[in-house]
Amino acid sequence: MHAERQPKDLLPLSEPVFHILLSLADEERHGYGIMREVRTRTGDAIVLAPGTLYGAIKRLRGLGLIEETATRVDPELDDERRRYYRLTGLGERVAAAEASRVAALAEQAAAKRLLPGWSAV
Amino acid sequence: MSAPMLEGRAVDVALRAFPAAFRDQYGHEMRVLARDTVRDAQADGTRAVRAARARIVFDLLLAAAMEHTRKESAMHVNGPGVGYGIAAAIGLPLIIASYSSAGFWSFLSSTGVAMGVESSSYLVHPSIVLIGGILMTVGLIGLVGRLSLGDGPLRWLRAAAIVGGVLVTLGGASMYAYGLPSTSPWRGALDTAGVILLGPGLLLVLGLLVAAGVIALRTRSLGALSFAPMAVAACLVLVFAVMITVMAIGVPIEVGFRQPAMVIADWLLFGSSIVLGVALALAPQPATHRPRRPAAATA
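Sequence order for the protein chains is A and B.
Mapping of the first sequence onto my numbering: position 91 corresponds to residue 91, and the numbering continues sequentially without gaps.
Mapping of the second sequence onto my numbering: position 111 corresponds to residue 111, and the numbering continues sequentially without gaps.
By construction, these hints were calculated from the structure, which means they are not laboratory data.
Some hints here could point you the wrong way.
Said to hold, decoys possible - Distance ranges between label pairs, derived from CB positions:
id, chain 1, residue 1, chain 2, residue 2, range
1, B, R258, A, G62, 25 to 33 angstroms
2, B, G83, A, T40, 50 to 58 angstroms
3, B, R9, A, P116, 47 to 55 angstroms
4, B, R155, A, Q108, 57 to 65 angstroms
Here a beta-carbon is modelled for each residue, glycine too, at the ideal position from N, C-alpha and C.
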């Protein structure tokens, strides 16, 4: 029997992986939906290309952080059937742990006056 | 060729660089995402479209290389693989050396003398082929089991491994007939049957190694050592070529089998078989071949 994987064992996450988890935190999406949400949220700073996105999706599925939900048509796009993904419980805990880790780093940077105008919520 | 067609072609070429299993699972989605990304870029003009295409192809090639690296780093020593690997490393070279290597018989004779065993008995050669045939069959089954294949082709290749192994084993075991009196009609009949079984058996094994080699190279089933089955097949062809040449030019077999070309061919076969053994020991069985367990209940 395998011991249950702990979120901290999977940290730190790479930037694309963290953005994919963030993208799926509020709703399930297909590949293009993830790419579009990340792009919009980061102001075009991060545009996930197909190889990076699906390489990350494969790893995240393998780790049990996301799962496939269904294949269906996106009413906002064309009539192409698309595979949708969503966060698992472990995926949510890992995303939260990574967010805490990044926030703690940001607080420490702010304490060193490296983040002017930034304050912890 | 129109730009969208060119873009589709470039993406298809880049997708071919991915491991087959990955391509089968995500190839269509990646192609759709590439198309959608280029369509989005069209709103920003021709330069944006060109940049998007270049970025997609570059990203696909980079991701493909990383997928191969990840797949190969997943190789690790596993129990069943070690067993299959040992069988593959020993089985075929043992059989071939028993038919083609003077050095092998010298080694066997000196080892027999040291152990007080008579190595010139008529029982020795068929026993070697019998053991080698069983090991080779086990090794080939292990090789087939590690290929990324569907159930149908897997069954055919497994059947070919068993049939080839059995033909070679029976062909060699027929030499036990040398224990019969020279006047027995069974002796000649079994000897002839042995030759008839051995030839097609070895050719079937060669064909299987070539097929497994092509599949392994296309799917990277054995990671960085995916070339191993094809290397064994090439060395086996070399052995056959040297043997046929020796017989064709009329050199006595005992002399021909001491020639450098024969010695080199035998050692190359042994070396490539060891590499194949290592590959089997390191490559886990694909997930699709493992027996399915009932899904666990989730909370």
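So, going through the hints one by one against the coordinates:
no. : hint                                : verdict
1   : R258/B x G62/A: 25 to 33 angstroms  : violated (54 angstroms)
2   : G83/B x T40/A: 50 to 58 angstroms   : holds (54 angstroms)
3   : R9/B x P116/A: 47 to 55 angstroms   : holds (50 angstroms)
4   : R155/B x Q108/A: 57 to 65 angstroms : holds (60 angstroms)
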